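K.L.:
Chain by chain, the residues run as shown.
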Amino acid sequence: MLGNCVENVRNKMPLVHNITNYVTVNDVANVLLACGGSPIMSDEPMDVEDITSICGGLNINIGTLNQRSIEGMFLAGRKANELGHIVLLDPVGAGASALRTNTALKLMEEICFDVIRGNISEIKTLAKGSGTTKGVDADVADAVTEENLDEAVAFAKEFANNSGSIVAITGAIDLVSDGKECYVIRNGNPEMGKITGTGCQLSGLMTGFLVANPDQKLEAAAAAVCVMGLAGEIGWSHMLEFEGNSTYRNRIIDAIYHMDKETLDKGANYEVR
Amino acid sequence: MLGNCVENVRNKMPLVHNITNYVTVNDVANVLLACGGSPIMSDEPMDVEDITSICGGLNINIGTLNQRSIEGMFLAGRKANELGHIVLLDPVGAGASALRTNTALKLMEEICFDVIRGNISEIKTLAKGSGTTKGVDADVADAVTEENLDEAVAFAKEFANNSGSIVAITGAIDLVSDGKECYVIRNGNPEMGKITGTGCQLSGLMTGFLVANPDQKLEAAAAAVCVMGLAGEIGWSHMLEFEGNSTYRNRIIDAIYHMDKETLDKGANYEVR
Amino acid sequence: MLGNCVENVRNKMPLVHNITNYVTVNDVANVLLACGGSPIMSDEPMDVEDITSICGGLNINIGTLNQRSIEGMFLAGRKANELGHIVLLDPVGAGASALRTNTALKLMEEICFDVIRGNISEIKTLAKGSGTTKGVDADVADAVTEENLDEAVAFAKEFANNSGSIVAITGAIDLVSDGKECYVIRNGNPEMGKITGTGCQLSGLMTGFLVANPDQKLEAAAAAVCVMGLAGEIGWSHMLEFEGNSTYRNRIIDAIYHMDKETLDKGANYEVR
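Top line first, the protein sequences correspond to chains V, A and Y. The letter at position 181 of the first sequence is residue 181 when you use my numbering, and the numbering goes up by one with no holes. The letter at position 190 of the second sequence is residue 190 when you use my numbering, and the numbering goes up by one with no holes. The letter at position 154 of the third sequence is residue 154 when you use my numbering, and the numbering goes up by one with no holes.
Bear in mind the hints are in silico, worked out from the structure with no lab data behind them. Check the hints yourself; a few may be wrong.
No more than 27 Å apart at the CA atoms, straight line, and that leaves these computed lysine-lysine pairs for DSSO-like [what the hints assert, rightly or not]:
#	chain 1	residue 1	chain 2	residue 2
1	Y	K266	V	K194
2	Y	K266	A	K12
3	V	K266	V	K12
4	A	K194	V	K217
5	A	K266	A	K180
6	Y	K194	A	K194
7	A	K12	V	K12
8	Y	K180	A	K12
9	A	K79	A	K217
10	V	K194	Y	K12
11	V	K194	Y	K217
12	A	K124	V	K12
13	V	K194	Y	K261
14	Y	K194	A	K266
15	Y	K180	Y	K217
16	V	K266	A	K157
17	A	K157	A	K217
18	A	K217	A	K12
19	V	K124	Y	K12
20	V	K217	V	K79
21	A	K180	A	K157
22	V	K194	Y	K124
23	A	K217	Y	K194
24	V	K261	A	K194
25	V	K194	A	K194
26	A	K261	Y	K194
27	A	K261	A	K180
In this text, all values refer to a predicted model and were calculated from it rather than measured experimentally.
Sequences are here, hints too, so could you generate the full structure?
P.N.:
Here it is in structure tokens:
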């Protein structure tokens, strides 16, 4: 079923406006191209409204945020809301600094997000609404495991209900919920954590998936998570013994480039709770 | 003949100042190193005049422009003109936002460019001088094809004459004209469009080619286009079945790293009209 | 002996705050992940103090500096000093512009650096304390060679003593000194100069090495230099005939991903003077 979402992306070639960090921006662009979408990057306040207007979706990622780009995020977000575009928030580092936490919370107040995608620590920070400083990667103590899965699913549903957004909490086990249902996804490979920006890449990809599948947003978000995880599995299978995280980065994007309906339907590993 | 231009780049190791977007900047740097040049990046107004002074050429790319970097573009451009350096404009997204269109047009008014390189939609926007919003990639309706080639060649020549710059319009068929002659180039591979920044890379490369070939600027610009397209062909020939756009990006830069006079003279596919 | 330093990085997983240029930032992040560390990037003045507080080390790289990020460098540097964190300076382009030279010198006045890592021309500029304009890559006339090695070692020791920082001067022959001893390192491959950012990557890596080895900072700095050079040798051994600088970049990071105590102890090529 999720395979249809991939096909729609290839057919509709969604144009996605990304306000994203300069660390992983090149990979975000190449991932969007790999899945059949088209990326545009712009963060200057005087530029973002025009750029977002010609796109179908907006991906707001607060990594390496600055005062200028924060202004751009609000302007672009409001314009995208006005136009009924898909809007995604990636709260990179929420919990790691007051500026990041507060910016993410203020964006959630003023902009209507179709999806919020982050790691469990970032999402917990947003749920609590407080600016405590923890770290940038997910805290080990927070990790979603088979043992605390029921609780984590309940948390995901509650966060989705309270925020009014689909939530995608990614990690070893991924959760994607709209408040009613929750996809529990077990694709992926632990070595993906050794590559910078797989989360950022997923946010770009997911925005494209929602733009191309506006009538099944939850499925589209879950499909994007499965695509990324499955690409991580396929990419890993092509690694030579001496290759490491830099080549693995290429292998994952390459696998997305070849991803199609059949591959995803066969390889997606999820249940719905 | 164009092969000489490659040799001159390897021998003269041109130093190129790039004010360029943060999406593709790493690839621009590696492409310049691959062809034998040397890249420097700087966009801070207080820094750009010193940096451009020690270089031989300046590559101005307006992707991810902001108010600070725009100021840097004008300061660096004027200084490079004063010093008689090569200056290239890459009007990324002209037509996609008023800020981009107007910045490109104002740069063309105040700075003397040796070359302007863009896709057909960007160049048409500059030719019309108006800020209509279209998109970032070339509009399919605008594409240069075998059917409209005579008309497109005439347009390229006219634009070159009116702007006083060599124009390089790149796409499936590339056109490079100084107003009198027009190189029609048929190197390349359609899959290059699935990699972010091949245009940006070409602009960096082309700046280096002009710096190293000041007495044959038109040939140098055409040679850079042929090098990029031929590298796209050679790189594609080394791709394994499971590899995609991310590995292809590396393969193209790798092919430029190995490009020499003989390879280019044998592989360049062009006619002059 | 240096191999222990690698093990400590893998065991302690140091969190490193990088204020670094947008050209090579992705590679810096992946190199830190490859060696077992964890990178965070932030340059906004309102964000840097919180971010640096949760890290163990701070890597300040002045490539593509701007007025905002310069303010961020001073704020983060002072906070890191307050907290007793490791702080490294990479004076990219000192000597190439007045802004870069003066920013590096002012940082050295106000911030206490554990290590300063640069090429010989950058370090000579800092030693002279003057803002003459030379270039961004090391000047050939400055190069450390077997012929001028005694003089270069004396210079490194003197600079370390005067600055109160460990100095790492990297090039064909690398020198790492704390003023008393000087590691003379002969790992590496000349083709590393054809990849953008191997110096920036080393600065990120070195910061992680010092954070994980606080009681043997000189050894840690020398170990990072050996790791980078040895990875350049190992990566080169895996190159296919048609591969070039873009693939080589991946191969080097891949080799760091596989680097361990035994490999380094066997491959490190140095003497202590």
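K.L.:
Evaluate each hint against the coordinates.
P.N.:
Going through the hints against the structure:
Of the supplied pair hints, the one linking K266 of chain Y and K194 of chain V holds, its CA atoms being roughly 25 Å apart against a limit of 27 Å. Taken as a hint, the K266 of chain Y and K12 of chain A pair is broken in the structure, with Cα atoms around 39 Å apart against an allowance of 27 Å. Our distance criterion of 27 Å between C-alpha atoms is met by K266 of chain V and K12 of chain V, whose separation comes to about 23 Å. For the hint pairing K194 of chain A with K217 of chain V, the CA-to-CA distance comes to about 25 Å; that is within 27 Å, so the pair holds.
With a CA separation close to 25 Å, the supplied pair K266 of chain A and K180 of chain A stays within the 27 Å bound. The hinted pair formed by K194 of chain Y and K194 of chain A meets the criterion: a straight-line CA distance of about 25 Å does not exceed 27 Å. Between the alpha carbons of K12 of chain A and K12 of chain V the distance comes to roughly 46 Å, so the proposed pair goes past 27 Å and is violated. Taking the CA atoms of K180 of chain Y and K12 of chain A, the gap is near 41 Å; set against the 27 Å cutoff, the hint is violated.
At most 27 Å may separate the alpha-carbon atoms for a hinted pair to count; K79 of chain A and K217 of chain A meet this at roughly 20 Å. The straight-line distance between the Cα atoms of K194 of chain V and K12 of chain Y is roughly 15 Å, inside the 27 Å bound, and the hint therefore holds. A hinted pair counts as satisfied when its Cα atoms are at most 27 Å apart, and K194 of chain V with K217 of chain Y qualifies at roughly 25 Å. Simply put, K124 of chain A and K12 of chain V have alpha-carbon atoms about 25 Å apart, close enough for the 27 Å limit, and the pair holds.
The straight-line distance between the Cα atoms of K194 of chain V and K261 of chain Y is roughly 19 Å, inside the 27 Å bound, and the hint therefore holds. A hinted pair counts as satisfied when its Cα atoms are at most 27 Å apart, and K194 of chain Y with K266 of chain A qualifies at roughly 25 Å. A distance of roughly 13 Å separates the Cα atoms of K180 of chain Y and K217 of chain Y; the hinted pair therefore holds under the 27 Å criterion. Straight-line distance between C-alpha atoms of K266 of chain V and K157 of chain A comes to about 53 Å, which puts the hinted pair past the 27 Å bound.
At most 27 Å may separate the alpha-carbon atoms for a hinted pair to count; K157 of chain A and K217 of chain A meet this at roughly 15 Å. Between K217 of chain A and K12 of chain A the CA atoms are separated by roughly 15 Å; this keeps the pair inside 27 Å, and the hint holds. Straight-line distance between C-alpha atoms of K124 of chain V and K12 of chain Y comes to about 25 Å, which keeps the hinted pair within the 27 Å bound. With a C-alpha separation of about 20 Å, the suggested pairing of K217 of chain V with K79 of chain V holds against the 27 Å cut-off.
With a CA separation close to 6 Å, the supplied pair K180 of chain A and K157 of chain A stays within the 27 Å bound. Of the pairs offered as hints, the one joining K194 of chain V and K124 of chain Y is violated, with about 37 Å between alpha carbons and a cut-off of 27 Å exceeded. This hinted pair checks out: K217 of chain A and K194 of chain Y have alpha carbons roughly 25 Å apart, not beyond 27 Å. Using a Cα cut-off of 27 Å, the hinted pair K261 of chain V and K194 of chain A holds, with the two alpha carbons roughly 19 Å apart.
Our distance criterion of 27 Å between C-alpha atoms is met by K194 of chain V and K194 of chain A, whose separation comes to about 25 Å. With a CA separation close to 19 Å, the supplied pair K261 of chain A and K194 of chain Y stays within the 27 Å bound. Among the hinted pairs, K261 of chain A with K180 of chain A is consistent with the structure: their alpha-carbon atoms are about 26 Å apart, no more than 27 Å.
The structure is inconsistent with the numbered hints 2, 7, 8, 16, 22, although it conforms to all the rest.
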